[in-house]
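Participant: Chain residues, written in single-letter form:
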Amino acid sequence: MRIRMAGATDIGRKRKANQDSIFYDESHGLGVVADGIGGRRGGEVASSIAVNSMKRVFLGTESIRHGEVNSFLVRAIDELNSDIIARGQMEPDIAGMGTTVNCLVFVGDRLHLAHVGDSRTYMYYGGHLFQLTIDHNVGTFSSKGWLNPDQVQPGAKDEALVKALGLSPNCEADIYEVALKPGQIFLSCSDGLSGMLPDNEIANIIRKNYSKFDAIPQLLIAAANEAGGRDNITVLLSEVR
Amino acid sequence: MTLERYYLVRRDHREFIGPMGVDEFQQRLELMEFGLQDEVSGHCGPWVVLDHKEDLTKHYPQIVAVLGDSLSLSWREATGHARVISKQDSRRERRKPKPQKRIDPSDHKGFNEFIKEQKRKSQRMRVAAITIVVSAIAIAGFMVTRKDEIPSSAEYASLMTKSDPSEFLNLMGLKVIPYPQKYLKTPKHQAQWLPLFRMYAFYTTGAIDGVPQKLLRGDQPSTAPVDCSVENWKQRWRESSSQTIQFIQGKALPRNQWTKILSLDPNWVRRRAAKGWAKPRNYFEGCLMTASLAIKSLGTDPGMAADAKDGVSPEIFEMVSRRLQQQLEMISDGRVSTVFDKGNLLGVMSCLESAGTLQELEQCRVTSELALKPVIDEKSALGLLRLAVMQQAGALDPKVAALLAGSVSKIDVEDQMSRLDMTPEYRLVTYLSTGNAVDQSLSKVDQEFKDIKFR
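Residue numbers (my numbering), protein chains in the order written: chain V, 1 to 241; chain X, 1001 to 1455.
Don't read these hints as lab results, they were simulated from the structure. Each hint should be verified, as a subset may be incorrect.
Stated by the list, open to error - Dumping the calculated EDC-like pairs for lysine to aspartate or glutamate here, alpha-carbon to alpha-carbon at most 16 angstroms:
| no. | chain 1 | residue 1 | chain 2 | residue 2 |
| --- | --- | --- | --- | --- |
| 1 | X | Lys1185 | V | Asp174 |
| 2 | V | Lys55 | V | Glu91 |
| 3 | V | Lys181 | V | Glu239 |
| 4 | X | Lys1185 | X | Glu1167 |
| 5 | X | Lys1399 | X | Glu1362 |
| 6 | X | Lys1342 | X | Glu1362 |
| 7 | X | Lys1279 | X | Asp1333 |
| 8 | X | Lys1260 | X | Glu1239 |
| 9 | V | Lys181 | V | Asp109 |
| 10 | V | Lys144 | X | Asp1055 |
| 11 | V | Lys55 | V | Asp93 |
| 12 | V | Lys14 | V | Glu226 |
| 13 | X | Lys1214 | V | Asp174 |
| 14 | V | Lys212 | V | Glu239 |
| 15 | V | Lys144 | X | Glu1039 |
| 16 | V | Lys181 | X | Glu1024 |
| 17 | X | Lys1214 | V | Glu177 |
| 18 | V | Lys144 | V | Glu159 |
| 19 | X | Lys1399 | X | Glu1360 |
| 20 | X | Lys1214 | V | Glu172 |
| 21 | X | Lys1214 | V | Glu68 |
| 22 | V | Lys181 | X | Glu1015 |
| 23 | X | Lys1410 | X | Asp1377 |
| 24 | X | Lys1453 | X | Asp1421 |
Said to hold, decoys possible - Here chain V is said to cover these stretches of chain X; the calculated rule only asks that three of the stretch's residues, wherever they fall, bring their Cβ under 8 angstroms from a Cβ of chain V:
| no. | region |
| --- | --- |
| 25 | 1039-1045 |
| 26 | 1059-1068 |
| 27 | 1222-1233 |
| 28 | 1400-1414 |
Said to hold, decoys possible - Below, a sample of chain X positions facing chain V; criterion: calculated Cβ distance under 10 angstroms:
| no. | residue |
| --- | --- |
| 29 | Glu1004 |
| 30 | Arg1010 |
| 31 | His1013 |
| 32 | Arg1014 |
| 33 | Gln1213 |
| 34 | Arg1217 |
| 35 | Asp1219 |
| 36 | Ile1248 |
| 37 | Lys1251 |
Note that beta-carbon positions come from the ideal geometry of N, C-alpha and C, so glycine has one too.
With the rest of the complex left out, here is chain X (with noise of 0.2 angstroms):
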């Protein structure tokens, strides 16, 4: 008994397809459930991506017949090879000897037919002369279009440093965005686009269609958002509102996936730059973008004015948003344009963040019932190093110094509220704090991490 030979398919690198026989595969990849861009197997067989045809020739010729029959259009494209066989083909049809047609003078009616015959042929010669330069013309037209549809990374890169980003976005999304499997294909192609596919995503919603968040979102501490598309952001306001808003009114410390970007240290964020990331500079960034977008569509969406009796007023959209916006200023210029309202945490702790000198940080403080001691000890224990840090050469200012080292017990190796890593900051306050000169306390930590950019 002969059994029928099943196929599987893995697509994107992330979903299988099957197992199923050569007709199912053929109806399938007719439905376009998966494409050329995608990887087979067979029993006991290796992985091939589908338009590798060597390989496909070696181990699965049946997927080789169908593909053949389906999309023999798509491999001229891609390799030309057909091309060339059938060019060889007519030209071997063209110097086959053809037998010579007799014709007798005298036979009036063989040479009229022989004079119509001659006609025709050059009918037909004109006809085919015509086909020739009109299939030349739509060549020459396919092959700019096809140049045009393959750009360069580098190009994408050269817009993406533009400040107006909505050349790049109008592009990517045009070209680039809807074929993920051809552009992510192997980390080599990952590593050219990559950072394009998520300056795309950070812009817009956070999320590609057929690119796995946890591709978007790259390695990262396990204490970092899972899902930072908008949809995540709004469905975990909606979820978590009430317990957000006495955090931002000081009443309570939750720890959710809202409190935790909230209280984010821009500082933090701008000194880690990430190999893989451009604009946003890394994952974090990219979440208070998508974060922002969120919130800002919350505050307009007429359906949540209903939640307002669960106390979502549009002052809390006000300050949420305005919040988001201070960090992101923050990351990108290292100061704040606008104004902070330390009536609430958010303000407080944007004022802590942004503050210039040892007088406008020490203005910051509240001594109103803030309950969230813990977390202002922290960011006024960050602020004075960002003052220090800010510094010029040489020792520290006796003032920022005694109270830096007052403040060694108010910060940790880790983030109050979102857990993130924070010894590259721990250490840098317990060299300032021990007399340490600034440049030295510097040079140090930046010999011990070197991904962190302090200055």
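This is chain V alone, in the form it adopts within the complex (with noise of 0.2 angstroms):
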């Protein structure tokens, strides 16, 4: 299987800053999307501390068997959660920063996939758009009964997160694993994109655009600012060839 990546990244028309980061290697099939939060500069810093930890994690491993990226994932994302932490502590006007993060490492015929936060990553295929994660926010966890009314602060919006890296020294990722087929892509975005897009906008605009896969991320981008651009857009998308 050969992987091809095409990614994107833009302010969006309200935000002052992009504290969305990304990062993508086909030839290491890796690829890293994150969505910082904490102020200005502290969401800004937490995004790009996941995505460089990220690849300097991964490509500083010498090589990882099939069986092990999992276990990889789960240290790597405890490691980018304590460089996070121990970032703010440093810096105490950073501190309580903290970032959403998808990483795709594609080994062999799989994909595994890490995910903390509310980015998302979707799989498009044969005019299909299935969304592979869930986010990690107050509406998706109360309407799933994963929590108890008590545990969520008076006045918290749905959209409001229960997991990002940063915010806890114990951060559990959701590790995914896809079997590949040729025709699939994946789409991993930070939420300026799947906010103000409806899914199906999202597989509409890919399904025409197929032919023209490194075009589809700005025109993704330029439909979520024609939407209202609330928020920073960041698109990744991976394509199995």
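Join the two chains, each given in its own frame, into one complex according to the hints.
Facilitator: Structure (structure tokens):
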């Protein structure tokens, strides 16, 4: 299987800074999208630590056996989390910063996906779009009965995150595995995209521009901006060929 | 052009199967690649658990049709819904007025036919009656079996407390462990069943088919071992036995999974009973249990004898096995039943960790060429801390107090070898060494670290 990747990030129309970070390297089969939280500078720092640390940890590892990818991701996410907390402790003005992360590792005929927060990864296949990740926010957790009302702060919005890197020393990522098929496209994005465009609109844009793979990230960003661009928008596409 | 509908299945909350059309879905279901406890999603649709018939009917009627054909029995068992429908149908069928057959008594042939028909009817009635009785017995048997098949977590929890775990392990292995998807389906299920799964795992192989290590492990510090299965311990031993032996012999301080677990302070583990764990009390005790199983297995593995050229002699296996046993005894009872061999680092560590008096503690110190001074110093300081905690209320024994004051620099907020958090221990040593009474120091630390139990 070969993987082709394309990605882009955009400040959006309302924000003064871009707190999203993205990294992808199709030759190593690694893609990372992070959406920072916690003040203007804190968010930027947190998401960039997440992306850079993952890149460092992954590219610094000589080789990972197929059966070890998931445990590697657990360790790597722990390390990212510790790095963000440690940086916050060193610089009080950015203490409390956090970030979401979606990390895609392609090994052999499988995708290993680590997910924390409300950035999403979708799978597009044959005109169909499936959301693979579960949003780690109050709305989703409450609707699934995973949060008791007494665990939710009064007035907490549905979009409030219940999990993000940097917020607690113990941060458990969701780890998923997907068997790859040629024709699949994985779309990882910050909530600046998924919060502005309904899923079927995202699917339509991919379907209509399927042959112009490299242009799709910018087209999705443009559509999110057209719909209001309330947040930073980051899009990473990974196509299985 | 109409697109074929594709569906994606999420198995065990961690693996995706598909996307696939309905036919493939049916085939893979029949091959049991996934089951009713798993979830399905369609294009831009929500994830729905396959046995939630109502939601499934609302979102994915095509899937309902497939399941209705191939798994209608399961649904009847699960909801009783289909059975009710069929009962109503048969009642309606019975109520339907049937056309009367007119019999002419003069027509012998017709009359004989009528008698024969009546006989056949009564025969059919008898067969039906027998069938009903047999079915009733079968259903009763089935209900009893089903009741037996769905044990409550409380029943198992009571078995956990028995000193002999074999009954618990047998029953769990038979009735619960083969169905992790069913018992660990949601966080609510996990809250009930995960401690039981963990006990089963760490008393056996440290792993359960269908249960991710991540779930068994739970939230742990990043410095905790990632995988404590017996197989993983064996693999790590094979990879690092020469380093580990150097450590045991006091020649070097390599940090690998084995040296870390062997230097793990059992008092540290004992103080940290974790939520979601019962037996073992936390992940670290579980890791010690599986490491102990692994080393016993390696020590009796004829293949490992060939490795003796690498220095892995039976004595080393015996030493490591004894050390792990002593760590586990300390966690369980607070004392050690076997003797220490102070000629090696492992014996010295056990001695320092379990000393009950200052005299015992002082006798553990070795002046031989053990090169691991920082580790020994740390263990000595923690040994003094243990003596202080064991002391009744009041001012600290002046000799212990003086030694402890001199030991503050020997410990840190992280353990030397494993890098595990020792802030509570560090804080307590600091309070005690600055002249605070034992009870006062303990109450301060208790307030600060509510989950840590020093006494």
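Participant: Next, verify each hint and record whether it holds.
Facilitator: Status of the hints after comparison with the structure:
1. X:Lys1185 <-> V:Asp174: Holds, at about 15 angstroms.
2. V:Lys55 <-> V:Glu91: Answer violated: V:Lys55 to V:Glu91 is near 23 angstroms, above 16 angstroms.
3. V:Lys181 <-> V:Glu239: 10 angstroms, holds
4. X:Lys1185 <-> X:Glu1167: Violated: X:Lys1185 and X:Glu1167 sit about 25 angstroms apart, past 16 angstroms.
5. X:Lys1399 <-> X:Glu1362: Holds: X:Lys1399 and X:Glu1362 sit about 12 angstroms apart, inside 16 angstroms.
6. X:Lys1342 <-> X:Glu1362: Given that 16 angstroms is the threshold and the Cα spacing comes to 12 angstroms, the pair holds.
7. X:Lys1279 <-> X:Asp1333: Given that 16 angstroms is the threshold and the Cα spacing comes to 14 angstroms, the pair holds.
8. X:Lys1260 <-> X:Glu1239: 15 angstroms, holds
9. V:Lys181 <-> V:Asp109: 8 angstroms, holds
10. V:Lys144 <-> X:Asp1055: 13 angstroms, holds
11. V:Lys55 <-> V:Asp93: 26 angstroms, violated
12. V:Lys14 <-> V:Glu226: 12 angstroms, holds
13. X:Lys1214 <-> V:Asp174: 9 angstroms, holds
14. V:Lys212 <-> V:Glu239: 12 angstroms, holds
15. V:Lys144 <-> X:Glu1039: OK: V:Lys144 and X:Glu1039 at ~13 angstroms, within 16 angstroms.
16. V:Lys181 <-> X:Glu1024: Holds, at about 15 angstroms.
17. X:Lys1214 <-> V:Glu177: Since the Cα atoms of X:Lys1214 and V:Glu177 sit roughly 14 angstroms apart, the hinted pair holds (cutoff 16 angstroms).
18. V:Lys144 <-> V:Glu159: 15 angstroms, holds
19. X:Lys1399 <-> X:Glu1360: 14 angstroms, holds
20. X:Lys1214 <-> V:Glu172: 9 angstroms, holds
21. X:Lys1214 <-> V:Glu68: Measuring from Cα to Cα gives roughly 12 angstroms; hence the hint holds.
22. V:Lys181 <-> X:Glu1015: The hint holds at about 14 angstroms.
23. X:Lys1410 <-> X:Asp1377: 6 angstroms, holds
24. X:Lys1453 <-> X:Asp1421: 15 angstroms, holds
25. 1039-1045: With 4 residues in contact (Cβ-Cβ under 8 angstroms with chain V), the coverage given for the region 1039-1045 of chain X holds.
26. 1059-1068: As far as the region 1059-1068 of chain X goes, the hint is violated, because 0 residues have Cβ atoms under 8 angstroms from chain V.
27. 1222-1233: Coverage by chain V holds here, the residue count being 3 at a Cβ distance below 8 angstroms.
28. 1400-1414: Coverage by chain V is violated here, the residue count being 0 at a Cβ distance below 8 angstroms.
29. Glu1004: 7 angstroms, holds
30. Arg1010: This interface hint holds because 8 angstroms falls under the 10 angstroms limit.
31. His1013: 8 angstroms, holds
32. Arg1014: 6 angstroms, holds
33. Gln1213: Holds, about 7 angstroms.
34. Arg1217: 8 angstroms, holds
35. Asp1219: 4 angstroms, holds
36. Ile1248: 26 angstroms, violated
37. Lys1251: At 27 angstroms from the nearest chain V Cβ, X:Lys1251 fails the 10 angstroms test, so the hint is violated.
Going down the numbered hints, you'll see the structure goes against 2, 4, 11, 26, 28, 36 and 37, while the others check out.
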